[in-house]
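J.: Chains as they are written, first to last, in the working numbering: chain A, 1 to 302; chain B, 1 to 294.
Simulated from the structure, these hints should not be mistaken for lab results.
Because the structure is a prediction, the values reported are computed rather than measured.
Among the clues, some could well be false.
As the list claims (entries may be wrong) - So these bits of chain B aren't anywhere near chain A, every CB distance computed over 12 Å:
{"id": "1", "residue": "I48"}
{"id": "2", "residue": "L149"}
{"id": "3", "residue": "A276"}
{"id": "4", "residue": "V287"}
Stated by the list, open to error - Cβ-to-Cβ under 8 Å is the rule here; a few derived chain A residues that face chain B:
{"id": "5", "residue": "G84"}
{"id": "6", "residue": "D85"}
{"id": "7", "residue": "Y99"}
{"id": "8", "residue": "G105"}
{"id": "9", "residue": "R114"}
{"id": "10", "residue": "G175"}
{"id": "11", "residue": "A178"}
Where is the CB? At the ideal position from N, CA and C, for every residue including glycine.
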Amino acid sequence: MDAVVVADALGHAYGDIVALHHVTLEIPPGRVGLVGANGAGKTTLIRILLGILDPTLGSVLVLGSDPQRDATAVRARVGYMPEGDCLPLSQTAADFMVYAAELAGIPGKAARQRASDVLTLVGLHEERFRQLSEFSTGMKQRAKLAQAIVHDPDLVLLDEPTAGLDPEGRDEMLGLIARLGGFGINVITSSHVLTDIERTCDWVVMLDGGSVLREGPLTSLLDTDTVEIELFDDPTAVAETLNRAGADVTVTHGTIAVQVDRDDTYDLIRDTLAAANVAVRRMGTRAQTLEDVFLRSEEGMP
Amino acid sequence: MSERGAVYDLGYKPHEGPRLGRGAAVRVTVKDGLRRMFGLRRRARKKILPFLLLGIAVLPAIVFVGFLFLASQIATGDFADTPFANHAAYFDIVAGTVLLFCALSGPELLIPDRVEGVLAVYSSRPMTVFDYLGARAGALGIGVGFFVLVPQIVLYVGLASLRDGGFLTNLITNAEDLFQVVLATVVYLVAYGAPAFLVAVYAKRLAPATGVYLGAFFGLQAVADGFTSTGNRLAAIAALADHPGVVRDWIFDSTSVDLVPTRADLAPWVSLVVIAAVGALALAAAVRRYRTLL
Chain A
1 MDAVVVADAL GHAYGDIVAL HHVTLEIPPG RVGLVGANGA GKTTLIRILL GILDPTLGSV
61 LVLGSDPQRD ATAVRARVGY MPEGDCLPLS QTAADFMVYA AELAGIPGKA ARQRASDVLT
121 LVGLHEERFR QLSEFSTGMK QRAKLAQAIV HDPDLVLLDE PTAGLDPEGR DEMLGLIARL
181 GGFGINVITS SHVLTDIERT CDWVVMLDGG SVLREGPLTS LLDTDTVEIE LFDDPTAVAE
241 TLNRAGADVT VTHGTIAVQV DRDDTYDLIR DTLAAANVAV RRMGTRAQTL EDVFLRSEEG
301 MP
Chain B
1 MSERGAVYDL GYKPHEGPRL GRGAAVRVTV KDGLRRMFGL RRRARKKILP FLLLGIAVLP
61 AIVFVGFLFL ASQIATGDFA DTPFANHAAY FDIVAGTVLL FCALSGPELL IPDRVEGVLA
121 VYSSRPMTVF DYLGARAGAL GIGVGFFVLV PQIVLYVGLA SLRDGGFLTN LITNAEDLFQ
181 VVLATVVYLV AYGAPAFLVA VYAKRLAPAT GVYLGAFFGL QAVADGFTST GNRLAAIAAL
241 ADHPGVVRDW IFDSTSVDLV PTRADLAPWV SLVVIAAVGA LALAAAVRRY RTLL
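Here chain A stands alone, though its shape is the one from the complex (with noise of 0.2 Å):
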């Protein structure tokens, strides 16, 4: 399939400063992350997306659609959830999200059917009937999401969508967002908690300063080319062996660190431990979590 978004060189600037420099990728289908402390230009590229704000540099495609020109057509294919509040307080959840769809162009009865599914979906059946002026901040997020959804978009765009929640209200948020790939609707949350972004994304765009640091399927991003074993034993003499082998490998708190820097590395460190005939308590690669990976790529570090 398609890339869901396509930006070329997208720029943005308010006045004097830049939000935006330079910003080239291509967002796959599937769910996408948009990682980035405050500032990093996520909220910036997410308003382009939807034509609410014109590059100053640059072009995009949302859905093949060219947001600056033809804002309607990205605009009937998608759903945003934005950081700050979006819901009508005097009115009840049930007429909002009938409303929600009906925007979007849904007739009328399927417009109330969709409300009622979505609603129930998110946990909200029950509450359906309350004035949205009644809602928990839980219940707000989760009725944002259902105002995103409720016209089956193809693309959902959802921007800081744990803000303000609880522990358990966050574990419910990111669990409904792992459901939407299921769902065949195209996910980009926008966040700096990137522990969030792991649990619900399989590919990640790391923004910082307005420019894009790192882009890539998040198993790739986590992956590292370092093998850590632990023995039983002392791990001096296995430690020796791989360096005179030609190994790259440090010792830390008892933790052999192996580079994984040649073709038959694995090789060798099976062969080595199987000579010296030790006791392996752990051996695998390197974690790495995709804090650790943006830390890195902020400082020049692969």
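Assemble the complex: chain A is given as a structure, and chain B must be docked to it using the hints.
T.: Structure of chain B alone, referenced to chain A:
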């Protein structure tokens, strides 16, 4: 096989039916605007003022027609041409309620969407800034239309039944009256509705916006009245509340002596230009403000 029932997770069902597009989005935004203005599908207190004002606007027409009908039953004469129960004069009766309705409705149509962040929802629907503002203005137009046209139609039908020559014949021969009524209604809508939008575009809360709107109208009226009485004719331009009355007199070829621009001897086209200018100003301000929001 088990006799017991089973619960299935129905999961997510995509929408496979038609999508009606931009026109439908505008239509439902107009419908939502009407619901907001009249407090429909909202708490009871939201309904009180608009329906009270509507009652005040419509009731006199029903009373007039009823009174004239009764009078025609007990006496002879041309009751259809009484000075207080004609289309031009009835605008004076509804003008105050239209002004109050616009003072309440203009802010109600624009402020909550902006302050509560609902514009973000519109920005992910097939709509443009012009669609949104046009739909809100359309809702106000229909609302004002209710206030003006319903009593005028009551009056039109009532007077047609009182005149000689047959009911249906009168309806057809006096159709020009209805055209004049519609024209004058548009004038009142722009004259009173546009300033309400202008205030609502910048205000953050409903009650202060209504206060500013009414304060501006009454304040400017007092200033215009005061300066005009001291011989400054051009000050009559500030009498925003009176301008639609002047244009209405122009449309119906009637005369109202108590209007400030009329007293200042300003030509009716001046009032029309002032109304159009305020309308253009409100439109420009609204588009400028909403262009970066939607």
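J.: Now, for every hint given, state plainly whether the structure supports it.
T.: A quick look at each hint next to the structure:
1. Look at I48(B): its CB is around 14 Å from the nearest CB on chain A, clear of 12 Å, so calling it non-interface holds up.
2. No beta-carbon of chain A comes within 12 Å of the beta-carbon of L149(B); the shortest separation is about 27 Å.
3. Its beta-carbon lying about 30 Å from the closest one in chain A, A276(B) satisfies the requirement of being farther than 12 Å from that chain.
4. Annotated as non-interface, V287(B) keeps its C-beta farther than 12 Å from every C-beta of chain A; the closest such distance is 14 Å.
5. Proximity of G84(A) to chain B holds as hinted, the smallest CB-CB distance being about 5 Å (cut-off 8 Å).
6. The interface hint given for D85(A) holds, since its Cβ lies 4 Å from the closest Cβ of chain B, which is under the 8 Å cut-off.
7. Here the hint on Y99(A) is kept, as its CB sits about 6 Å from the closest CB of chain B, short of 8 Å.
8. Using the Cβ-Cβ criterion of 8 Å, the hint placing G105(A) at the interface with chain B is satisfied: the shortest such distance is roughly 4 Å.
9. With 8 Å as the threshold, the beta carbon of R114(A) comes within range of chain B, its nearest partner Cβ sitting at about 6 Å, so the hint holds.
10. Against a cut-off of 8 Å between C-beta atoms, the interface hint on G175(A) is violated, since the closest Cβ of chain B lies about 14 Å away.
11. Hint status for A178(A): violated, given a least beta-carbon distance of 13 Å to chain B, over 8 Å.
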